[in-house]
Each structure stands twice: as C-alpha cells, then as structure tokens.
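Asks: For reference, the chains in residue letters:
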Amino acid sequence: MTTTAEPLIEVRDLRHDIAGRCVMAAPAFTALRGEHTLLLGPSGSGKTTLINVITGLITPSSGEVKIDGTVMSALPAAQRDQLRRRTIGVVFQTLRLIGALSVRQNLALAQTLALGRNDSALIDRLIAQVGLTHRADARPRELSQGEGQRAAIARALCAQPALVVADEPTSALDDANAVAMADLLLETAEATGATLLIATHDNRLRERFSRTFTLAAPGVSA
Amino acid sequence: MTLAGLSLAYLRDRALNTALNILLLTLSVATLVILVLFSSQLSERFERDARGIDLVVGAKGSPLQLILSSIYQVDVPTGNIPLATVEMLRSDPTVAEVIPLALGDSFRGYRIVGTEAAYIDHFGGTIAQGQVFTGNYQAVLGAQVARQTGAGLGQKFIGSHGLSGDGHAHEETPYEVVGILAPTGTVLDRLIITPVGSIWAAHGFTPPAAEGAAEDHDHAGHDHDTHAHDDHDHDGDGQQDHAAEDHDHGAEGEHAAHGSGELEVTALLIKYRSSMAAVRLPSFINKQTQLQAAAPAVEMTRLLSLLGVGIDAIRAFAVLLMATSGLSIFVALYSALRQREGDMAMLRVMGARPPAIFGHIVLEGVLLAAAGALLGVAVGHGVVAVSAATFPQLQDMGLTAARFEPAELLIVLAAISMGALAALIPALKVFRVDIAKTLADTR
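Those protein sequences? They're chains L and Y, same order as listed. Using my numbering, you'd call the opening residue of the first sequence number 1 and step up by one each time. Using my numbering, you'd call the opening residue of the second sequence number 1 and step up by one each time.
These are calculated hints, taken from the structure and not from any lab test. These numbers come from a predicted model, not from an experiment. Where hints are given, some of them may not hold.
Result set (DMTMM-like, lysine to aspartate or glutamate): computed pairs, CA atoms no more than 25 Å apart in a straight line [claimed, not checked]:
| no. | chain 1 | residue 1 | chain 2 | residue 2 |
| --- | --- | --- | --- | --- |
| 1 | L | 66 | Y | 299 |
| 2 | Y | 429 | Y | 441 |
| 3 | Y | 437 | L | 13 |
| 4 | Y | 60 | Y | 13 |
| 5 | Y | 437 | Y | 299 |
| 6 | Y | 437 | L | 168 |
| 7 | Y | 429 | Y | 13 |
| 8 | Y | 437 | L | 64 |
| 9 | L | 66 | L | 35 |
| 10 | Y | 271 | Y | 116 |
| 11 | Y | 287 | Y | 299 |
| 12 | Y | 287 | Y | 312 |
| 13 | Y | 60 | Y | 262 |
| 14 | Y | 437 | L | 202 |
| 15 | Y | 60 | Y | 441 |
| 16 | Y | 437 | L | 17 |
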C-alpha cells in the first residue's frame with residue numbers, strides 16, 4: 001500500500017478561509033515515520049484548523065494534505081473517515097473521554113471503531129504503560145486531570161495508529177506535569193511505533209522535541 | 001465495547017431518567033394489554049356460552065337480565081314461567097330444541113340448575129366420573145365446582161335458597177353427587193346440574209321421581225302437543241293462543257292434582273330449526289304472551305356496545321399515555337444527545353461513520369421502548385393474574401393471564417416503533433453535524 005520512504009504527513013500550499021477570511025495558511029511541511037514534530041504558533045495562528053485538516057475533519061480551501069501517501073483532502077467523506085480510523089489517533093486538550101464508559105471501555109470502544117475488534121491484551125498493556133491499571137474501571141469524572149490525560153493518550157494509541165495528533169495536550173498542566181506528559185507521549189508512541197504531531201503554544205515542550213514546525217498568524221504571514 | 005454496548009452504557013449512565021421512561025411506557029402498555037386480555041377473553045367467553053342458543057324465553061323484564069341470568073348465570077332471573085310453555089314451544093315446527101332451566105338455588109355460591117341432560121350436551125359436556133343423573137336429588141357437578149368444593153361421587157350436599165349462598169338451606173332435601181363433568185371452558189364448569197324435578201321438590205311441590213315427573217309432564221303435554229299440532233296444520237297463529245289456553249287448563253289440573261303451586265321453570269333456551277322462527281317467534285312471544293323472548297346475539301351486542309364506550313375511553317387514555325411516554329423518550333433522548341454532541345463528534349473522530357452513530361442513537365430509543373413494552377406485557381399479565389385470583393367473578397368469567405393475544409404483539413411492536421421514532425429526530429442530526437465546529441463549541 002505504502003512504502004516506508006513515503007512521508008507520513010505531507011502538507012503543501014495549505015490554506016483555509018472561513019467567510020472569506022484566511023484563518024490558516026501553512027508552509028510546506030513533511031514528517032517521515034518516527035519524526036515526532038511539535039507544531040508551534042501563537043493563539044489564532046490556525047493550529048487547530050491545521051490539525052482538523054490533517055485529520056480530515058475539514059476540507060481545506062486550497063492545497064493538499066497527504067497522509068501515508070494518500071491525499072486526505074481529496075477523499076470523499078466515507079473514505080476520509082476510513083483513512084483517519086486506520087491511521088490517526090487524536091488527543092484533545094479537553095480529553096473527550098466518553099463519560100458513560102470506564103477507562104477500559106473507552107479504550108475498547110476506540111479499538112472496536114478503528115479495528116472492528118478488541119485486543120484486550122493491548123488495552124491492558126497500554127493502561128499499564130500510562131500507569132492507570134488501578135483506575136482502569138473508573139469513570140472519567142472520577143479521574144484527576146492528569147489521570148484523564150493519560151487515559152486519553154492510551155485511547156489514542158489503542159488502535160496502534162501510525163500517527164498520533166495531539167491538540168494542546170499540556171496547556172492545562174503545571175510545569176512538572178506538562179513535561180511528564182510530553183515524556184509519556186514520547187514513550188508510548190515509541191512503544192507502539194506511532195509518530196507524534198503535537199500542536200501547542202507551550203514552550204515548555206520545545207526541549208523534548210528536535211523537530212518543530214511553526215505556524216504564523218495568517219494576518220502576519222499574508 | 002461496541003456502539004450497541006455504548007447505547008446501553010448511556011442508558012445505565014442516566015439510570016433514573018431511563019427507569020422513569022421505562023415506567024411510563026410500562027404503565028401504558030400494561031393498560032393496553034389488560035384491556036386486550038379482558039375484552040378478548042370476555043367477548044370470546046360471551047360467544048362460547050351463547051353459541052347455538054338462538055333465543056331465550058323467560059318472564060317479562062329486562063331482556064339483558066334474562067340473557068345474563070339464563071345463559072351466563074351471572075344475574076338474578078327475571079321470574080318464572082309456566083312449565084307448559086316448554087311443550088308449547090316444542091310443538092312449534094320451527095323450533096329444533098327447547099332446554100328448560102329452573103334456577104334459584106345454590107351451593108357455596110355455585111348455582112344449582114334444574115334442567116335436562118340436553119343442557120350438558122349443549123355445551124359439549126362429558127362425564128369425567130360417575131354418570132348423568134337419573135332421578136331427583138341427583139347432581140352432576142361442573143369441573144370447577146368439583147375442584148373448588150372438593151366434592152366427590154356419592155357426597156351429599158344441601159342446596160340453599162337464593163343464588164348468593166346465604167339463603168335458607170333446604171336441609172330436608174340433600175342432593176347426592178352422581179357425576180362430575182370434564183372441563184368445557186364454558187359456564188357449565190361452574191354449575192351444579194340436576195333434574196328440574198329436584199328444584200320443584202326442594203321448593204315444596206310434590207316431589208315426583210324425575211322420571212315420573214317427566215312422564216307426567218310428557219303426558220300432560222302430549223295431548224297438548226297433538227292438539228297444538230293439529231291446530232297448527234289448520235292455521236298458523238291462532239294455534240299459539242289456543243295452546244296457551246290449553247296449557248293453563250293443564251297447569252291448573254296439575255296444580256290441583258299436586259295440591260301446591262303451578263309447576264314452573266325459570267327460562268327456556270331455544271334453538272331454531274328454520275330461519276322462519278327468528279322472524280316470527282320473538283315478536284309473537286313478546287306481543288302475544290305474558291312471556292319474554294330475548295336473542296342472545298342482540299342483547300350481547302347491546303351490552304358490548306355499552307361496555308365498549310367504557311373500553312374505548314380507557315383505550316384512548318392508554319394510547320394517550322403511550323403517546324406521552326413516546327414524547328418523554330423523545331425529550332430524554334433529545335436533551336441527552338445535546339449534552340453528548342461532543343461525544344458524538346469524538347466518535348466521528350475515532351472513525352465511526354454517521355450511519356453507525358445514527359443506528360446507535362435509534363437503538364437507544366428502541367432499547368428503552370422494548371424494555372418498557374416487555375415489562376408492560378409482564379405487568380399486564382400480572383395484574384390480570386392477580387385480579388383473577390382476587391375476584392371470583394373474574395375467574396367465573398374465565399379470565400386467565402396465561403393466554404397471549406396477537407394484539408399484544410401489535411402493542412409491543414407499536415411501542416418499539418414509537419421508541420425508534422422518538423429517537424429519529426435527534427439521531428438524524430448526526431448526518432448534519434459539523435465535527436470541527438462541534439469540537440470547537442463543546443468543551
């Protein structure tokens with residue numbers, strides 16, 4: 001299907017307008033497998049929009065995004081969902097764990113949706129990796145912020161996606177936790193062979209990542 | 001964990017709301033099920049007991065009362081009629097069969113019916129133990145009577161005057177059980193059958209032997225029969241008047257002979273031989289004699305239409321209740337899904353396709369409705385079972401919880417479709433949702 005030489009993410013001439021106003025304009029950018037990248041930029045620079053385009057949730061006004069060799073932005077909705085399901089795990093700042101399900105069930109649901117089957121050994125291993133074994137049957141509302149973050153990371157990885165996209169995963173955390181969080185992301189991504197793309201305005205993470213990609217506020221760059 | 005599992009998890013997550021919605025639907029479904037069971041069993045019972053009886057002749061009064069008392073054995077009789085009426089009607093060529101009934105006594109609440117063996121045959125009754133009566137004070141028990149009283153063959157019992165069982169006892173004239181009938185599922189099951197002569201004897205008329213009485217009677221009627229028949233050959237209508245007069249003479253004679261009151265029966269069950277009878281007989285009896293004729297079919301239709309108004313009102317109420325519970329499910333799902341917009345967006349992010357999410361939401365409505373519907377059926381049958389156990393009258397009517405009507409399946413399907421419908425509007429939103437916007441708007 002794809003060769004390893006193919007970049008995992010390839011962004012070209014990407015631009016998105018809302019009501020005639022440019023909300024995001026990205027310079028060309030590629031990331032190979034294993035090249036964990038920090039997506040930097042001030043608030044309003046369109047980081048979330050870029051992430052939505054990369055994950056196929058919105059169609060850019062112009063330009064293209066290739067994920068694992070396939071042009072995500074050109075696919076019809078159903079195939080876009082399928083590509084995302086197979087290749088991408090997402091971590092949001094607000095976690096978005098399903099409140100009616102336990103941590104373990106949240107992981108199991110994500111796995112069923114992505115793979116159509118359950119690998120409970122992998123789920124247990126991931127839960128252990130993020131240090132939540134004792135909280136596996138707790139509901140999200142019973143978790144601390146840090147525990148919730150770890151559960152969300154485990155969920156993003158439980159279908160073993162090639163790419164994990166995280167949107168501001170550390171902005172709600174204090175220094176120590178932010179760094180620990182970044183380390184956990186790196187560790188678990190390494191363990192499952194996933195490549196990280198982390199959107200943040202949090203400079204505390206810079207020292208952990210060698211590759212960065214900076215988005216300028218569209219008004220400034222244009 | 002699948003999307004179906006997620007539907008269940010959401011229902012569990014708001015357990016109180018779920019329980020209340022299920023309860024509301026349970027109540028409406030149970031009400032409908034009770035109505036269905038009650039009305040279907042009631043009308044079926046009505047039909048079964050009245051099958052083959054074209055006309056009932058008795059004393060003047062309410063025709064409905066006559067039907068209820070003589071066919072269904074539930075109301076008090078309208079009065080008595082002269083025994084000679086039997087012969088008068090038997091002589092009518094348009095009449096196939098006349099079964100006399102003498103009512104008024106009971107044993108432990110079970111009616112003692114003085115009649116002929118033909119009455120048992122009419123309901124397809126068969127002897128399970130013993131034999132049919134051959135003489136006075138011999139009784140054949142209906143299956144339910146035997147079961148409830150525990151009476152066996154050879155047992156003697158004393159009938160009491162009146163149908164409620166608290167009248168004075170005919171202690172000097174005990175009955176003996178000579179036969180027990182197999183269950184028929186008709187009114188016969190809860191009756192005690194004895195020759196008409198037993199009733200006459202118990203009430204102080206010279207107690208003739210059953211055979212003797214019948215002979216006497218036959219004899220008395222024989223002339224009459226021949227006479228009437230002749231008459232009939234000559235002219236159609238005049239005959240009846242003449243016969244009635246004749247009968248009066250005969251009755252007086254008997255009266256004199258026995259030194260007590262005129263022999264009477266309570267009512268006559270009549271089967272027509274030809275459809276001519278239906279045209280002529282009822283109007284003749286009602287207009288030209290001191291008797292009353294009532295057609296079960298007509299009276300029961302009248303009764304059911306009277307009851308029907310009440311049943312329709314309750315049914316309308318139950319349907320309204322069901323619509324309310326549908327609305328309640330709709331409101332619950334609608335507000336729950338508003339709160340879960342973020343979850344739905346996340347499901348999409350995780351790769352769930354809109355049709356799958358749509359199905360998952362509809363399933364939530366269907367699960368709610370199915371739980372309510374099945375519980376409702378269970379509760380409905382439970383209520384009927386408890387009612388039948390508590391109120392002997394309902395048991396007498398043959399009300400049972402152990403029967404399922406096809407209409408119940410319809411009710412369940414209607415409830416489930418309603419649950420699906422209630423979920424439809426909120427669920428359709430999933431096809432229009434802008435995930436990126438929802439993710440930005442919901443935190």
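Asks: Hint by hint, work out which the structure violates, then give me just those numbers in ascending order.
Replies: Hints 1, 4, 5, 12 and 15 not satisfied by this model.
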